[in-house]
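A.B. asks: Top to bottom, those sequences are chains F and X. Numbering of the first sequence is given in numbering that gives the first Met the number 0, commencing with residue 0 and proceeding in unit increments. Numbering of the second sequence is given in numbering that gives the first Met the number 0, commencing with residue 0 and proceeding in unit increments.
The set of hints was computed from the structure by calculation and includes no laboratory data. Worth double-checking, as some hints may not be accurate.
[As the list claims (entries may be wrong)] Dumping the calculated DSS-like pairs for lysine-lysine here, alpha-carbon to alpha-carbon at most 30 Å:
| id | chain 1 | residue 1 | chain 2 | residue 2 |
| --- | --- | --- | --- | --- |
| 1 | F | LYS282 | X | LYS98 |
| 2 | F | LYS540 | F | LYS282 |
| 3 | F | LYS422 | X | LYS142 |
| 4 | X | LYS47 | X | LYS142 |
| 5 | F | LYS99 | F | LYS496 |
| 6 | F | LYS540 | X | LYS47 |
[To be verified] Label pairs and their in silico Cβ distance ranges:
| id | chain 1 | residue 1 | chain 2 | residue 2 | range |
| --- | --- | --- | --- | --- | --- |
| 7 | F | GLY538 | X | TYR39 | 28 to 34 Å |
| 8 | X | VAL78 | F | LEU32 | 57 to 63 Å |
| 9 | F | ARG311 | X | ALA122 | 25 to 31 Å |
Ideal Cβ placement from N, Cα and C applies to all residues, glycine included.
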Amino acid sequence: MDTKESFLRKYVFSVDHKTIGLQYLITGLVMALVGGLFAYGFRSQLAWPNEPVLGFGQVDPDLYNSLVTMHGTIMVFWVAMPILLSGFGNYVLPLMIGAKDMAFPRLNMMSYWTFFLSTVVLLSSFFFPGGPAKFGWTGYPPLSAQPGFSGVFWGGHLWILAIALEFASMLMGGINFLTTTLSLRAPGMSLFRMPILVWMLDIASIIFMFSVGPLIAGAFMLLADRLFNTGFFLPAAGGDPLLFQHLFWFFGHPEVYVLLLPALGILAEIYPAFSRKPLFGYKMIIYATIVAGALSFIVWAHHQFISGIDPRLATPFSITTIIISVPFAIAVFSYIATLWRGSIRLTAAMLFALGMMAEFLIGGVTGIFNGSAAADIYLHDTYFVLAHFHYTLFPITVMAGLAGLYYWFPKMFGRHMNEFWGKVHFWTTTISFNVVFLPLFAIGLAGHQRRIFDPSLFDYIAKYQYLHVIATIGLIVMIIAQVPFLLNFFISMRKGKVAERNPWRATTLEWVTPSPPGHGNFETDPVVYRGPYDYSLPGLKDRDFINQAETL
Amino acid sequence: MMQWFPENISTYGQGVDHVIQVIYWIVGAWFVVVEGLFLYFILRYRRKDGVRAAYEPGTSGKALAWILIPAVVILGFDVGIDLVQGPVWNEIKLTLPAKPDQIIRIKGKQFVWDITHPGRDGALDTADDIQTLNQLNVPLNAKIVFELTAEDVIHSLWLPNLRLKQDAVPGRTIKGWFQATKEGDYPLACAELCGSGHGTMRGQLHVLNPADYQKWLDENSPQSPEVSSLGH
Numbered sequence: 000m001d002t003k004e005s006f007l008r009k010y011v012f013s014v015d016h017k018t019i020g021l022q023y024l025i026t027g028l029v030m031a032l033v034g035g036l037f038a039y040g041f042r043s044q045l046a047w048p049n050e051p052v053l054g055f056g057q058v059d060p061d062l063y064n065s066l067v068t069m070h071g072t073i074m075v076f077w078v079a080m081p082i083l084l085s086g087f088g089n090y091v092l093p094l095m096i097g098a099k100d101m102a103f104p105r106l107n108m109m110s111y112w113t114f115f116l117s118t119v120v121l122l123s124s125f126f127f128p129g130g131p132a133k134f135g136w137t138g139y140p141p142l143s144a145q146p147g148f149s150g151v152f153w154g155g156h157l158w159i160l161a162i163a164l165e166f167a168s169m170l171m172g173g174i175n176f177l178t179t180t181l182s183l184r185a186p187g188m189s190l191f192r193m194p195i196l197v198w199m200l201d202i203a204s205i206i207f208m209f210s211v212g213p214l215i216a217g218a219f220m221l222l223a224d225r226l227f228n229t230g231f232f233l234p235a236a237g238g239d240p241l242l243f244q245h246l247f248w249f250f251g252h253p254e255v256y257v258l259l260l261p262a263l264g265i266l267a268e269i270y271p272a273f274s275r276k277p278l279f280g281y282k283m284i285i286y287a288t289i290v291a292g293a294l295s296f297i298v299w300a301h302h303q304f305i306s307g308i309d310p311r312l313a314t315p316f317s318i319t320t321i322i323i324s325v326p327f328a329i330a331v332f333s334y335i336a337t338l339w340r341g342s343i344r345l346t347a348a349m350l351f352a353l354g355m356m357a358e359f360l361i362g363g364v365t366g367i368f369n370g371s372a373a374a375d376i377y378l379h380d381t382y383f384v385l386a387h388f389h390y391t392l393f394p395i396t397v398m399a400g401l402a403g404l405y406y407w408f409p410k411m412f413g414r415h416m417n418e419f420w421g422k423v424h425f426w427t428t429t430i431s432f433n434v435v436f437l438p439l440f441a442i443g444l445a446g447h448q449r450r451i452f453d454p455s456l457f458d459y460i461a462k463y464q465y466l467h468v469i470a471t472i473g474l475i476v477m478i479i480a481q482v483p484f485l486l487n488f489f490i491s492m493r494k495g496k497v498a499e500r501n502p503w504r505a506t507t508l509e510w511v512t513p514s515p516p517g518h519g520n521f522e523t524d525p526v527v528y529r530g531p532y533d534y535s536l537p538g539l540k541d542r543d544f545i546n547q548a549e550t551l
Numbered sequence: 000m001m002q003w004f005p006e007n008i009s010t011y012g013q014g015v016d017h018v019i020q021v022i023y024w025i026v027g028a029w030f031v032v033v034e035g036l037f038l039y040f041i042l043r044y045r046r047k048d049g050v051r052a053a054y055e056p057g058t059s060g061k062a063l064a065w066i067l068i069p070a071v072v073i074l075g076f077d078v079g080i081d082l083v084q085g086p087v088w089n090e091i092k093l094t095l096p097a098k099p100d101q102i103i104r105i106k107g108k109q110f111v112w113d114i115t116h117p118g119r120d121g122a123l124d125t126a127d128d129i130q131t132l133n134q135l136n137v138p139l140n141a142k143i144v145f146e147l148t149a150e151d152v153i154h155s156l157w158l159p160n161l162r163l164k165q166d167a168v169p170g171r172t173i174k175g176w177f178q179a180t181k182e183g184d185y186p187l188a189c190a191e192l193c194g195s196g197h198g199t200m201r202g203q204l205h206v207l208n209p210a211d212y213q214k215w216l217d218e219n220s221p222q223s224p225e226v227s228s229l230g231h
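Start from the sequences and build out the full structure, keeping to the hints where you can.
C.D. replies: What follows is the structure, given as structure tokens:
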């Protein structure tokens, strides 16, 4: 298998799932910096509305709308999706189930390069006349349907095209995950011996596949409206703007769980490893997740309580939305119970994994406010919503993503990241994150509506201008806090402490391979004898874990 | 938390505030308990030499009860929250006053609120209608029904002091209502991204006592000598 490969075949057009996983991870990280830079641009404008922003100049409303649109688009689709689902999924899934590679390695390669192309298309829109899309990351028509309304022509087409390419890539990935899981498991690896992360990646892929169809339909119709004046979403031509919202959120809300599940999966590997305990309630977590996945399809209209849909719909959608908190509460309690009577080691990976849960709980409980239709009348489209979903998505994407990076880094590169700088990274990131977003709950409660470029124009929110200043300083600190991480990441890749096969003494299959594993993963085909989390099994004398591929 | 809210000046605003407060106390209590427990576990069960972790896979009925009982309690609170919020929603969005004191037409367009008030005759679509841009004038304590629409893209009528938000959708006329209980000038804004002027699409709600309202009518209804199309 490990014959000599050309540079191109090994690093560029690789069919090795590990290389592809890393390609997704690195692309996602680069895009995170781009998205963060845009956030700095509009956040500085909000804090000091009359000053030019260093690096951006005077941010006029058009540029402001471009920046918020591209920030949202990039962070959800070009950072969270590739890092959590494609990046970790590709790298870890075949290793965890004892496969040599994905079921369709070439399709996998194509999936990455389709994604890469989508990135190029998206970013190229900055260089077309009219600039990139500026109708919000949700792209509601009619604003997005006719170039005249938003002043953006090419940018809008490219935005739709980029998203279509991105989703095509994710579909290829999802098919690969499911097929690989179903057909390439090592002997003994029954479904209920699979690590939770594998379960989560598969359930997320299924949710994605079932929900993405309506959005693709919506995107096609939108493109037709833009190109051929078809009027699917234009009332003058017999269309309905709300149709798009239904199609969008039928995808858009399940999408939150597409991102959340891999994040919870990453945590499910890290909590047991660093508390030396089996994951509490393994099967219950799986069942709860399946229930939550199914429920996720009947909550979409909570984004539309005040959009003009029949107000009688609010009650059923309020109920389903609030009830989805139950299966997730089961999962969260199980994770917390995993720590109970454990032997907890606070490595950088564990700190980020714990931090993810601590911050995500804020996102979870604040969702109840928005899920309740009556409260949403006031809170909808204010900064309260914005703060809520950043407390949901930031822990999911950034904190779980970083936890995963610190955890699997030794496997990926055969070397350790520096733990001290990892901890510095954790504390500075966590503290500055809260400095950015806690104040936004307050200005949201004060009635501050979203997506206005100059809050000082509105008396009732102008008096809270200092909160924007605090949030912006927090963001600048947060961006600077990533510098030690990037240095740590790239320096450790070459010069970090050499890692053994199983530095964390973990139980899942990827840790029996060499660090990093060669093409083909396993030196000898693994056979699985037990469930994924046998930590501190009674009767073990010399150690406190036993790998899935070991016999007693 | 309530100190951040702008003053409520509508009859139903208290209901909204109450729902938000109820949720705040319920989820706030849960949040403190869960985060507290989480933090306690992290600190209490830090690694100590010679102390081994317990083997507790959480598969026994007793272990699962630790998870399922709180989940059932959460379900109970969820139902409770829905029971509290449902009637408030119904009052605001599902029922219109049978006999409104006034009907006002509001149209959002890039980037102004185009508002048609009934003139002295109290009816719309007559010669004395008063049209204003960004100025919404209503008499104190009157039950106002509004007919909301949009000309070009989606806008959202946002009156924080009334606790009123409603999207304005092209092709639809959405009816709603409010009753303002305090005189004064209050902000009116657009809460849905509607293009480059979204951040400047602002106006004012003027709640006038009957005498002032009558004065405004006399000055602005087109039957009066001086005709103005821009309110005051």
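A.B. asks: Work down the list of hints and note, for each, if the structure agrees.
C.D. replies: Now the hints, each set against the structure:
1. LYS282(F) <-> LYS98(X): violated, 58 Å
2. LYS540(F) <-> LYS282(F): holds, 27 Å
3. LYS422(F) <-> LYS142(X): The given pair, whose Cα atoms are some 59 Å apart, is violated under the 30 Å limit.
4. LYS47(X) <-> LYS142(X): violated, 68 Å
5. LYS99(F) <-> LYS496(F): holds, 27 Å
6. LYS540(F) <-> LYS47(X): holds, 18 Å
7. GLY538(F) <-> TYR39(X): 28 to 34 Å: holds, 30 Å
8. VAL78(X) <-> LEU32(F): 57 to 63 Å: violated, 44 Å
9. ARG311(F) <-> ALA122(X): 25 to 31 Å: Given range 25 to 31 Å: holds, Cβ gap about 30 Å.
Against the hints set out earlier in the document, violations occur for numbers 1, 3, 4, 8.
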